[in-house]
Amino acid sequence: MTKEKTRPSLPIFNSRGTFINTKRKKKPSSMAQCTLTFGHYNSPMIIADTITSSAFDSTWQMPSDVLSVAFFVTKPPSDHPTRAKQLLEPASTATQAEREFLMLLSQSMAKNKSFGILDFRSTAGGILGILSPHGYPSFALTLQWVDFGATTMRPLTSQMEPFPHPLAPDRLPMEMMDAIQHPGGHDRVRAIAKEMYRIATVYGYWDLWRVLEGICQRFQLDPQQLISG
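Each number in my numbering comes from the position in the sequence shown (counting from 1) with 128 added on.
Derived by calculation from the structure, the hints in this document are not laboratory data.
All values derive from a computational prediction rather than experimental measurement.
Every residue gets a Cβ at the ideal spot worked out from N, C-alpha and C, and that includes glycine.
Watch out, some of these pointers could steer you wrong.
DMTMM-like mimics (lysine to aspartate or glutamate), calculated; alpha carbons at most 25 Å apart, straight line [said to hold, decoys possible]:
1. K322 x D335
2. K241 x D275
3. K241 x E226
4. K203 x E217
5. K322 x D275
6. K241 x D207
7. K239 x E303
8. K239 x E228
9. K322 x D306
10. K241 x E217
11. K322 x E228
12. K239 x E226
13. K322 x E303
14. K322 x E226
15. K241 x E228
16. K241 x D177
17. K241 x D350
18. K203 x D247
19. K239 x D350
20. K203 x D275
21. K239 x E217
22. K239 x E341
23. K322 x D350
24. K241 x E303
25. K322 x E341
26. K239 x D335
Estimated spans, in silico, between C-beta atoms of each pair [stated by the list, open to error]:
27. R316 x A219: 24 to 32 Å
28. I355 x T165: 30 to 38 Å
29. A198 x D350: 36 to 44 Å
30. T329 x M159: 41 to 49 Å
31. K239 x P311: 49 to 57 Å
Start from the sequences and build out the full structure, keeping to the hints where you can.
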């Protein structure tokens with residue numbers, strides 16, 4: 129009999145090892161929902177788990193139910209005091225395209241060792257969110273809330289070094305699926321396919337081409353015809 133794979137629990141310490149005394153919130157019968165946004169992409173999420181630090185008020189509440197990723201970094205400010213960690217998973221209402229977006233986002237962050245930054249300094253007393261891939265399930269994400277401090281409101285990009293958009297070129301599969309399902313999107317489909325092929329041949333990013341082949345198989349398209357001519 130195959131043993132069922134279990135989800136790993138949220139880590140209960142930060143990089144300094146100071147997030148040890150914690151309180152885990154009991155899961156409500158109906159999990160709280162939020163929306164994760166990045167550019168024109170968005171996905172409905174549920175908060176599957178929450179751990180709060182006993183050094184702060186244990187009645188932690190997210191600063192907003194709309195979580196907008198401002199930019200990405202490779203060196204997140206995770207050494208600041210942690211207020212809470214939360215496990216985000218797609219809501220049952222998430223579409224297949226939204227789930228695939230989350231999977232691409234998670235895989236891209238893992239591959240590039242990058243982290244999403246959510247800036248709530250002005251509305252939540254200096255709070256920042258640090259988004260990272262959770263590992264299993266592949267579309268789950270960990271959100272660490274840190275007390276960054278509200279002493280300065282300088283642009284965060286002047287205090288951290290932004291990392292290039294982690295879904296570039298990994299954003300292209302999502303654009304491809306949108307174009308395929310859009311009436312009159314054939315020219316756009318061909319243009320995206322050619323760009324994906326160019327990236328694969330110039331930069332050796334053949335994983336991206338294999339994703340395109342999978343999309344074409346799903347929609348009964350010939351990738352070679354798309355890039356010819």
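Now for the hints, and whether the structure bears them out:
Under the criterion of a C-alpha separation no larger than 25 Å, the hint pairing K322 with D335 is consistent with the structure, at around 15 Å. Of the pairs offered as hints, the one joining K241 and D275 holds, with about 22 Å between alpha carbons and a cut-off of 25 Å not exceeded. Of the pairs offered as hints, the one joining K241 and E226 holds, with about 22 Å between alpha carbons and a cut-off of 25 Å not exceeded. Straight-line distance between C-alpha atoms of K203 and E217 comes to about 24 Å, which keeps the hinted pair within the 25 Å bound.
A threshold of 25 Å between alpha carbons decides the hint, and for K322 with D275 the separation of about 45 Å lies outside it, so the pair is violated. A hinted pair counts as satisfied when its Cα atoms are at most 25 Å apart, and K241 with D207 qualifies at roughly 17 Å. Annotation: proposed proximity of K239 to E303 holds, straight-line Cα distance about 20 Å (limit 25 Å). Distance hint between K239 and E228 is fulfilled; the C-alpha atoms sit about 16 Å from each other, no more than 25 Å.
The suggested pairing of K322 with D306 holds, with an alpha-carbon distance near 16 Å, which does not exceed 25 Å. This hinted pair checks out: K241 and E217 have alpha carbons roughly 20 Å apart, not beyond 25 Å. With a CA separation close to 21 Å, the supplied pair K322 and E228 stays within the 25 Å bound. A hinted pair counts as satisfied when its Cα atoms are at most 25 Å apart, and K239 with E226 qualifies at roughly 20 Å.
In summary, the hint linking K322 to E303 is supported, as the alpha carbons are separated by about 13 Å, within the 25 Å threshold. At most 25 Å may separate the alpha-carbon atoms for a hinted pair to count; K322 and E226 meet this at roughly 24 Å. For the hint pairing K241 with E228, the CA-to-CA distance comes to about 19 Å; that is within 25 Å, so the pair holds. For the hint linking K241 to D177, the alpha-carbon distance of about 23 Å falls within 25 Å, and the restraint holds.
Among the hinted pairs, K241 with D350 is inconsistent with the structure: their alpha-carbon atoms are about 34 Å apart, more than 25 Å. For the proposed pair K203 and D247, the alpha carbon gap of about 15 Å is at most 25 Å, so the pair holds. At most 25 Å may separate the alpha-carbon atoms for a hinted pair to count; K239 and D350 exceed this at roughly 28 Å. For a cut-off of 25 Å, the pair hint linking K203 to D275 stands: about 16 Å separates their Cα positions.
Taking the CA atoms of K239 and E217, the gap is about 20 Å. The hint holds against a cut of 25 Å. For the given pair, K239 sits about 21 Å from E341 by alpha-carbon distance, which is consistent with the 25 Å threshold. For the hint linking K322 to D350, the alpha-carbon distance of about 13 Å falls within 25 Å, and the restraint holds. This hinted pair checks out: K241 and E303 have alpha carbons roughly 23 Å apart, not beyond 25 Å.
Among the hinted pairs, K322 with E341 is consistent with the structure: their alpha-carbon atoms are about 12 Å apart, no more than 25 Å. About 12 Å separates the Cα atoms of K239 and D335, which keeps this hinted pair within 25 Å; it holds. For R316 and A219, the Cβ-Cβ distance of about 29 Å falls inside the hinted range of 24 to 32 Å, so the restraint holds. Remark: the range hint 30 to 38 Å for I355 to T165 is upheld by a beta-carbon distance near 32 Å.
Distance hint check for A198 and D350: the Cβ-Cβ separation is about 40 Å, which falls inside the suggested range of 36 to 44 Å. Checked against the hint of 41 to 49 Å, the pair T329 and M159 passes, with Cβ atoms roughly 45 Å apart. Separated by about 34 Å at the C-beta atoms, K239 and P311 break the suggested range of 49 to 57 Å.
Checked against the numbered hints listed earlier, the structure breaks hints 5, 17, 19, 31; every other hint is satisfied.
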